[in-house]
Amino acid sequence: MSEVLGLRERKKLRTRHALIAAALELFMEKGYEQTTVSEIATAADVSTRTFFSYFASKEDVIFHNSRDGVERVLKVIAEARPGDRAIDLLTRAIASGFAALALDEQLQSEIGPANYLVMTVPSLQARGLLLLFEGQRELAEALHRACPQELNLIEASALVGAVVGGAKLAAFVSMSNGASPEEMLDAGRQAIEFALSALRAAASQPS
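Residues 1 to 207 (UniProt numbering) make up the sequence shown, in order.
Worth flagging that the hints you see were computed from the coordinates, not collected in a lab. Given the structure is predicted, the values throughout are model-derived calculations rather than measurements. Backbone N, C-alpha and C define an ideal beta-carbon position, used for all residues, glycine too. Among the hints, erroneous ones may be present.
To be verified - DEER-style ranges, computed between Cβ atoms:
#, residue 1, residue 2, range
1, T50, E155, 43 to 51 Å
2, G83, S47, 53 to 61 Å
3, E155, R49, 47 to 55 Å
4, E79, S47, 36 to 44 Å
5, S57, L7, 26 to 34 Å
6, P148, S180, 38 to 46 Å
7, A158, M28, 34 to 42 Å
Said to hold, decoys possible - Within a straight-line C-alpha distance of at most 27 Å, the following computed DSSO-like cross-link-like pairs (lysine-lysine) qualify:
#, residue 1, residue 2
8, K75, K30
9, K58, K12
10, K75, K168
11, K11, K58
Let the sequences and hints guide you as you build the complete structure.
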């Protein structure tokens with residue numbers, strides 16, 4: 001019975017991946033607003049009804065992985081070790097996200113186009129900003145809880161904003177200058193590394 005369930009779950013995962021891949025390809029080729037759910041389902045070789053058993057809307061396809069990333073970062077911070085500084089935790093949390101991305105070829109193919117669409121499609125921008133700020137708030141609160149003697153909530157918020165906000169701005173500026181989704185993702189990665197390096201240098205200075 002467990003083998004049957006395993007096969008069933010793998011089939012469901014393949015269908016989900018096929019829907020995401022088909023949707024992103026159509027969004028990039030035709031435009032997000034111009035693409036219909038029916039077209040996505042047809043491209044993935046499933047019915048429209050099947051699409052709605054996986055996603056409530058086209059928008060949900062774009063943001064399907066956003067919560068997973070937040071949960072991964074929060075888990076790293078929650079597992080703080082004695083003596084960890086806030087910058088240590090933030091560095092490990094970001095590294096865990098990059099490691100997960102490096103191991104997940106499916107996510108690698110999705111994240112660039114998804115971010116590009118969020119930044120360029122007005123109907124997606126509002127939800128994207130809401131999720132971004134909500135995720136930053138959760139991260140700042142978690143960092144403050146882990147290092148209450150080092151950072152107050154305002155300082156934790158500034159630290160998170162410098163890293164996450166810097167990455168998003170770098171990606172947006174890159175996109176505005178004609179970068180591809182892959183180049184935009186790399187710009188965000190470079191910005192994170194730069195911000196973390198600057199914050200580590202500042203933390204090492206005597207007070």
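Here is how each hint holds up against the structure:
Between T50 and E155 the beta carbons are some 48 Å apart, a value that agrees with the proposed interval 43 to 51 Å. In this structure the supplied range 53 to 61 Å holds for G83 paired with S47, their Cβ-Cβ distance being about 55 Å. Between E155 and R49 the CB atoms are about 50 Å apart, so this pair conforms to the stated range of 47 to 55 Å. At roughly 43 Å, the beta carbons of E79 and S47 sit within the given window of 36 to 44 Å.
Restraint check, S57 to L7: a C-beta distance of roughly 29 Å satisfies the suggested window 26 to 34 Å. As the Cβ distance of P148 to S180 is approximately 42 Å, the hint placing it in 38 to 46 Å holds. About 35 Å separates the C-beta atoms of A158 and M28, a value consistent with the hinted range of 34 to 42 Å. Between K75 and K30, the direct Cα distance comes to roughly 38 Å. Violation of the 27 Å bound is thereby established for this hinted pair.
As the CA atoms of K58 and K12 are separated by approximately 18 Å, the hinted pair is consistent with the 27 Å bound. Restraint check: the Cα-Cα separation between K75 and K168 comes to about 22 Å, which is no more than 27 Å; the hinted pair holds. Distance restraint check for K11 and K58: the Cα-Cα separation of roughly 21 Å lies within the 27 Å cut-off, and the hinted pair is therefore satisfied.
The structure shown violates just one earlier hint, number 8.
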